[in-house]
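Enquirer: This is what each chain is made of:
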Amino acid sequence: MATSLIGARVARKEDYRFLTGAGQYTDDVALPGQTYAVFVRSPHAHAKIKSIKKDKALAARGVLAVYTGDDLAAAKVGGLPCGWLITGTDGQPMKEPPHPPLAQGKVRYVGDHVAVVIAESQSAARDAAELVQVDYEALPAVVNASKATQKGAPALHDIAPDNKCYTWALGDKAAVDAAFAKAAHVTKLDFVNNRLIPNAIEPRAANATYSRAEDSYTLYVASQNPHVERLLMTAFVLGLPEHKVRVVAPDVGGGFGSKIYLYAEDVVVTWASRQLGRPVKWTAERSESFVSDAHGRDHHTVAEMAMDKDGKFLAMRVRTTANLGAYLSTFASCIPTILYATLLAGQYTTPVIYCEVTAVFTNTAPVDAYRGAGRPEATYVVERLVETAARDMKLDPAEIRRRNFIKTFPYQTPVALMYDTGNYDATLDAVMKMADVTGFARRKEEAAKRGKLRGLGYCCYIEACGIAPSNIAGALGARAGLFEAGEIRVHPTGSVTVFTGSHAHGQGHETTFAQVVADKLGLPIESVDVVHGDTSKILFGMGTYGSRSIAVGGTAIVKALDKIIAKGKKIAAHLMEAAETDIEYDKGVFKVAGTDKQKMFGEIAFAAYVPHNYPLDKLEPGLNENAFYDPTNFTFPAGSYVCEVEIDRDTGVTKVVNFSAVDDFGKIINPMIVEGQVHGGLTQGIGQALTENCRYDPESGQLLTGSFTDYCVPRADDVPSYRLDTRETPCTHNPLGVKGCGEAGAIGAPAAVMNAITDALGIRDLPMPATAETVWKAIQANKKAA
Amino acid sequence: MAVKISMKVNGKPVSAEVEARTLLVTFIREHLRLTGTHVGCDTAQCGACTVHMNGKAVKSCSMLAMQAEGADILTIEGVAKADGALHPMQAAFKEHHGLQCGFCTPGMVMNAIDFAAKHPGASEQEVRESLEGNLCRCTGYHNIVKAIMAGSKAMAAAK
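Protein sequences appear in the order of chains A and B. If you're matching positions, the first sequence starts at 233 in our numbering and goes up one per residue. If you're matching positions, the second sequence starts at 82 in our numbering and goes up one per residue.
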């Protein structure tokens, strides 16, 4: 009997190719007759395009074509669609302004696409892009969402003169107001969730080719969800039959949300590949990534918690203004609503919650999902508020949490979600022990002797992964299904290829999914390979985002495996001349119950493909099954984090000295991979809290943080080594009991860090990121106040 | 203006005529089709383009190909043994899960090999500081640091 591969720290199958330079990323793909595209981008945040002169660029050496918005309009290329319809409190659908792949008449943010130059070489295209003459009439710009809704603010789109996309609300406002009226204490905070730029280290890229012989297209693209990319592009933008477009997302160098969306560049190179009859490749320079990848976060929120005299939460009231940028990116509308307000119960029994969100257009890059997508923003609101409430009420921050924890499951929150399972005391107990909270006072004293201010902060987060089920998501405005597909192809000699609609861009699916399949079939992991990222190979897929891969994609694979085993039992029954109901199956062995008769999985596979002794009258030969799985509920990972910081009194430099995280991801397939996901998430969360901030000039709308020198992605010496552990309450509604782990760190870390910093400084609030300058100023203000 | 350049890449002599402004990384990726060396930022901050020039880690995105005239260049494709066996640093990255999406990995490994050779027995803090010019967005550096410390030990032991 094979030992279990579920829960084993299996080294990754994908590592060898990445370690030897054999990975194949989109920019590595070079096609015969390759041409290169460079985009002419708007230098203005807001301007009318008076004219575009192409002739000089067209005359330049090696240039094949220059296209503008007029060319795409003439070819009836549509605008980029938004995949989620939000209906406002006024009962009206959100405002959906046109989003042409190349600007028509107006540009609305620095980096907006104006024209594309295609040439024989990248350098020729780059040189010629400088020769495209665009005559702009600059317009006043607005980059701050709260300012964009004020009277007299410049309007971006004719259909939204007040720049509002929608105002949306969730919860019982009257009940919340009534609870506030009789509260013993109200804690209130007014804060900004800082805007972030995702910065996957592989820049976005797309390389499209058209075959006149087949009348078909192939697009290689750095995407997290190739089937969704194809569906949106064919059905909504190019009007092509889906079966004539193959989308391949080969090795993809990180996504973090930024590679979910259908981008203008993908559409333009695909369209242009047919115009030119040659492959067209575009690869972003990093400066283009900064201005044109969808950004994340950017909320301004006023949040209040009403409590009784014992610190029991009575009600929560939240008002958020969300910056959507200049256009609606693919899932922009659902992030500050469906994935935000629904998470505001956190781990607590707060009986009534009301959240109102105003989503606003501004002259900035589009904003969409970035690692966590709505859930980090919600967790920041809840956990900063809870920690501040504890200080207001003179309660220990762990104690106030315990008084309000949800302890019985399933639990229906007042904000639409039904938590299936959890044990919040268990993760909090574990993290407090791990972080040696009782020793903190001593460490603080010792730090003070060294001139350092030491602080400790908690965060107890909840996450919701794998948006589901599709019919409810549809009722809430989703314009797509949210299932996943998987296929198990057993080869005649018993090895297996697994096809998944999930996509890995660092998460290690080729290993994790292989572990699941090899474990169930009793095979060595070397006998199972996982294929993903190619619409011509995979039957369908919704892709990877929202930590959905194992819970939804993994389950689809398990469902397909169930069918393989069910068919295997029929074959085994025939071979062993037993009743099908008497066949027992365990890890690759089919047994006749109560006897010593058995057949191995490989024998069954062989019989299926060489059906000489086979029930051909009742059963098809072959052993290949697929499944589509639509979950019945979200999964709800949760955890408790403790962050300890030390702040230098003289410089304001803040160091995270300890970070302890105890997560409950349900069952874990590969702890090594899960830990890696947490490390990465925590670092992005610490980045948000300490170093990362996207800033636009408030007047000109120029991006001030457009390079790695101005936008500080954490370096290795900005973060500590982490202490991690897990507790396990298996998900109750999927067969693996899994919940997902990809975003947890980014969700929980910011509040833990900021709770620690405000604790160290003895202040109520501080804006993120807590750079040395921000912290130093707070220290000086403290001194003055004293 | 075209220039003729000659150098040794992964032990093999190569020569070509390229535009004078051709970057070393462009020469490696586009002309030699050695696509394991990556471009992540084109401003010398991310380190994905790191190769060895005459045994020293350099960022191939911020130098011209002709600056490598006559040099001995080692890219990630030339690090493992001819039989495919991984270099101790590569093996340590695998064992300690020091990579996720793999995009920064070649640069990380090239930098780490140079660093470990020059600083055997470096502390965790020193390893973290050695990564100042190599960005990773996936791993949070935790396992990269572990991998470099282990790889460094293995390299010293293999001497």
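Check the hints yourself; a few may be wrong.
To be verified - With a straight-line cut-off of 25 Å between C-alpha atoms, the simulated DSS-like cross-links for lysine-lysine are:
(1) LYS137/B / LYS245/A
(2) LYS899/A / LYS175/B
(3) LYS227/B / LYS245/A
(4) LYS684/A / LYS665/A
(5) LYS829/A / LYS801/A
(6) LYS887/A / LYS175/B
(7) LYS405/A / LYS541/A
(8) LYS175/B / LYS245/A
These are calculated hints, taken from the structure and not from any lab test.
Enquirer: Where does the structure disagree with the numbered hints, that is, which hint numbers, in rising order?
Expert: Violated hints: 1 and 6; rest satisfied.
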